[in-house]
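Chemist: Produce the entire structure from the sequences given, and follow the hints as far as they go.
Listed in order, the protein sequences are those of chains E and F. For the first sequence, the UniProt record's numbering assigns the number 1 to the initial residue and increments by one for each residue that follows. For the second sequence, the UniProt record's numbering assigns the number 1 to the initial residue and increments by one for each residue that follows.
Pairwise CB distance ranges (calculated): (1) E:I215 with F:V3: 52 to 62 Å; (2) E:N50 with F:P216: 39 to 49 Å; (3) E:E306 with F:I215: 29 to 39 Å.
I should point out that these hints are in silico values taken from the structure, not numbers from a laboratory. All C-beta atoms, glycine included, are put in the ideal place defined by N, C-alpha and C.
What follows is the residue order along each chain.
There are 2 protein chains.
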Amino acid sequence: MNVEKVEKYLKEAIGKERVKSSIDFRAAYAYDGTPTGYKAIPDLVVFPENEEHVSKILSIANEEKIPIYPRGAGSGLTGGSAPINGGIVVSTEKMNRILEIDEDNLAVLTEPGVVTYDLQKEVEKKGLFYPPDPSSYKYSTIGGNIAENAGGPRCVKYGVTKDYVMQLEVVFADGTIAKVGSKAVKSVAGYNLKDLIVGSEGTLAFITKAYLKLIPKPEAVRTAMAIFPKIEQAAQAVANMFKAKVIPTACELLDKNSIVAVENYAKIGLPSYAEGLLIVEVDGYASIVDELIERAMEVCRKAGAEEIKIAKTEEEREHIWHARRSLSPAIVNLKPKKINEDVVVPRSRIPDLIKGVYEIAKKYDLMVVNFGHAGDGNIHVNFMYEPHEEEKVERAVREVFRLTLNLEGSVSGEHGIGWMKKEFLPWEVGEALEKMKAIKKALDPNNILNPGKIFDLS
Amino acid sequence: MNVEKVEKYLKEAIGKERVKSSIDFRAAYAYDGTPTGYKAIPDLVVFPENEEHVSKILSIANEEKIPIYPRGAGSGLTGGSAPINGGIVVSTEKMNRILEIDEDNLAVLTEPGVVTYDLQKEVEKKGLFYPPDPSSYKYSTIGGNIAENAGGPRCVKYGVTKDYVMQLEVVFADGTIAKVGSKAVKSVAGYNLKDLIVGSEGTLAFITKAYLKLIPKPEAVRTAMAIFPKIEQAAQAVANMFKAKVIPTACELLDKNSIVAVENYAKIGLPSYAEGLLIVEVDGYASIVDELIERAMEVCRKAGAEEIKIAKTEEEREHIWHARRSLSPAIVNLKPKKINEDVVVPRSRIPDLIKGVYEIAKKYDLMVVNFGHAGDGNIHVNFMYEPHEEEKVERAVREVFRLTLNLEGSVSGEHGIGWMKKEFLPWEVGEALEKMKAIKKALDPNNILNPGKIFDLS
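Modeler: What follows is the structure in structure tokens.
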């Protein structure tokens with residue numbers, strides 16, 4: 001890449017104030033939230049303000065065959081926005097306006113650089129609700145959430161980001177600006193490019209606008225905690241809850257090591273016999289939530305819960321969530337290093353997953369802590385270790401992925417593949433991988449859009 | 001195509017009893033449910049029983065460059081399964097087993113040839129519920145529903161077929177058997193081929209198994225009817241209902257001509273002043289449905305409804321639905337010919353759509369009847385005409401599509417493009433069409449899978 005030439009072209013195309021080549025800028029955009037850190041410093045960082053700018057940037061990059069790295073807040077955990085081969089980081093920071101809240105159609109039209117939390121607060125002012133809530137929602141952007149198809153605790157009831165994207169304006173690798181999806185609630189006109197692009201981690205198109213579905217804000221919420229002597233009982237309660245027609249808004253599971261860590265850290269009175277803890281939240285109409293949380297806790301009692309606590313006040317609710325929120329600081333104290341794998345299995349396989357993970361941890365003599373969104377089978381497996389145990393951990397993680405796939409699960413429920421999990425994708429998708437590569441080549445023949453992510457082209 | 005050679009290859013590959021070449025068979029599979037009838041008699045009709053058979057059939061067809069027409073019940077309305085260029089019809093009739101109802105994970109694994117209604121009845125025996133309900137559900141198949149991404153009245157609350165497909169086993173054009181999607185509730189591992197294939201009308205892959213999400217069967221249902229002096233009032237009530245946090249299970253709108261036709265046909269006492277009629281159904285927990293239907297009717301009252309009827313008994317509920325069900329037989333009486341276009345607009349644009357359709361009908365001096373799933377903006381526009389008015393109707397339909405797109409809608413909410421609506425797809429998807437074609441070429445380079453559907457390859 002002839003950086004000076006490309007810089008000149010870009011400055012002519014979108015204005016020199018939007019093109020940065022100083023080492024300060026380049027270093028600041030060299031990494032994302034992935035624990036293992038940055039891979040390469042980009043050659044340029046650009047800040048388009050509209051789809052025309054993006055189209056010009058991509059046209060130049062396509063002509064010159066230069067890598068483009070679309071970037072929201074850079075908070076991804078698998079290297080999705082990291083510039084691994086040099087090239088141009090294209091930030092959405094200056095495309096950060098909410099364009100229209102459409103109260104009649106329960107929808108919002110937004111630019112990609114808007115922070116998810118900010119969008120949620122704005123629509124809530126109108127009594128509306130945008131459910132997706134990845135842990136990063138206070139700083140990650142809508143565009144990044146769409147590129148990664150972000151989830152979150154609430155997705156057990158409300159679905160993932162994909163379920164809220166109705167229409168996208170995108171720019172393809174050749175600079176073509178197009179709309180995919182529909183502002184209508186349903187449409188079967190042509191191929192569903194919208195759902196193909198959502199979750200494609202910036203490798204198929206650059207998102208420049210999103211028309212997102214909203215729902216009315218739920219009237220009321222109820223929260224409870226159930227403590228089980230056996231993890232299998234907690235897992236069974238999760239499965240039975242759905243059969244009892246309770247779809248919880250959140251259904252968080254903590255295993256024995258999680259409970260011990262939280263208790264040591266926060267001293268909130270969790271019993272030492274506890275091997276499983278469920279935090280269950282329901283929401284909906286004011287007149288039904290008490291009945292729903294009672295039903296959920298009845299399911300827990302029947303599955304073997306020894307203690308049940310239903311929050312009667314906002315303070316009690318906060319106390320219950322405190323156990324969950326203490327987890328991250330609590331386990332950070334356990335060992336100097338941590339790796340968090342984001343696996344997901346069919347709900348009924350959660351006990352097998354946790355049992356198998358314990359066996360793997362025992363085999364490699366490693367500390368493991370499991371917790372997560374049990375309602376949708378998404379368990380965060382955390383190995384806690386000393387620096388010298390790195391290689392052991394890598395082997396253990398590979399076994400966890402094998403186990404997950406044997407249980408008909410997926411190697412990533414929320415975080416994506418990026419460059420970190422490329423090795424494991426073929427294990428999961430098998431023969432379909434070649435078809436994914438064929439689509440990539442068809443839409444981005446020069447491989448300029450986020451190259452080296454999800455898979456390498458052979 | 002050398003029919004004798006291909007017939008021989010196929011008989012060797014999958015058994016001669018599964019390959020039919022008699023004119024009786026070929027004529028019986030020459031058409032689908034599209035009103036304008038069949039286009040071409042196929043050369044062969046084959047009946048695979050598993051994915052290995054399908055893989056062999058597609059491998060032979062790919063080698064010989066022969067068109068393949070995947071076919072469920074052949075009930076599509078836009079020619080999706082019609083064999084328009086000769087070639088081989090591949091029927092899923094012999095792949096009609098429900099393989100597993102997974103009660104723990106609320107899912108069902110099925111072959112594609114199972115009739116949707118049969119699947120619904122089977123899962124209901126376990127207290128489970130498969131919501132998608134296209135009008136054809138008593139005879140159309142799951143595979144066909146997936147290929148067309150079928151909707152139905154209930155999709156306003158429960159979503160379309162796509163929202164219930166978790167994983168598919170498919171065969172690609174080159175014979176590759178692969179799984180797409182995941183049995184886990186969420187997965188972000190690689191490209192979302194599953195949602196690309198759903199709704200692709202058999203042009204990208206042949207579906208051989210489907211793992212479908214189920215939900216617990218709702219405990220109770222309530223039904224009501226509201227009659228409005230003005231169509232705008234009825235449309236406004238639909239929009240306001242969502243703001244009042246009532247998501248109806250069904251929300252069917254009848255316009256003035258529909259009401260008059262039903263009244264003339266069934267004499268059920270609908271008032272002559274009525275220009276809009278809403279049938280609203282809610283479902284959910286037994287303890288909340290009375291409150292919900294009251295809320296919905298309060299919204300209707302405020303929007304201007306003159307008469308409200310909430311069904312107190314199953315008999316009264318049937319009476320309300322009788323108005324809706326009488327529509328098809330009632331309008332058939334009006335004129336010798338009918339064309340039903342399945343357009344969809346954002347909910348708030350329904351009044352503009354209906355007003356615009358009336359103007360178009362007036363301009364061409366045609367009779368038009370509008371009704372449909374107002375909750376999701378999906379209006380069935382029916383022109384009723386004499387045979388000699390055919391050409392006028394065609395022009396009017398084109399104007400209806402233009403109007404729909406001006407209102408940011410879609411030319412097909414449920415029925416698909418097939419070969420009937422190919423002309424109108426570019427109007428809606430614009431620049432994205434070339435990207436759809438690129439994907440088709442990448443996955444099916446010899447264009448054997450349902451060629452000539454959705455678009456023609458140039």
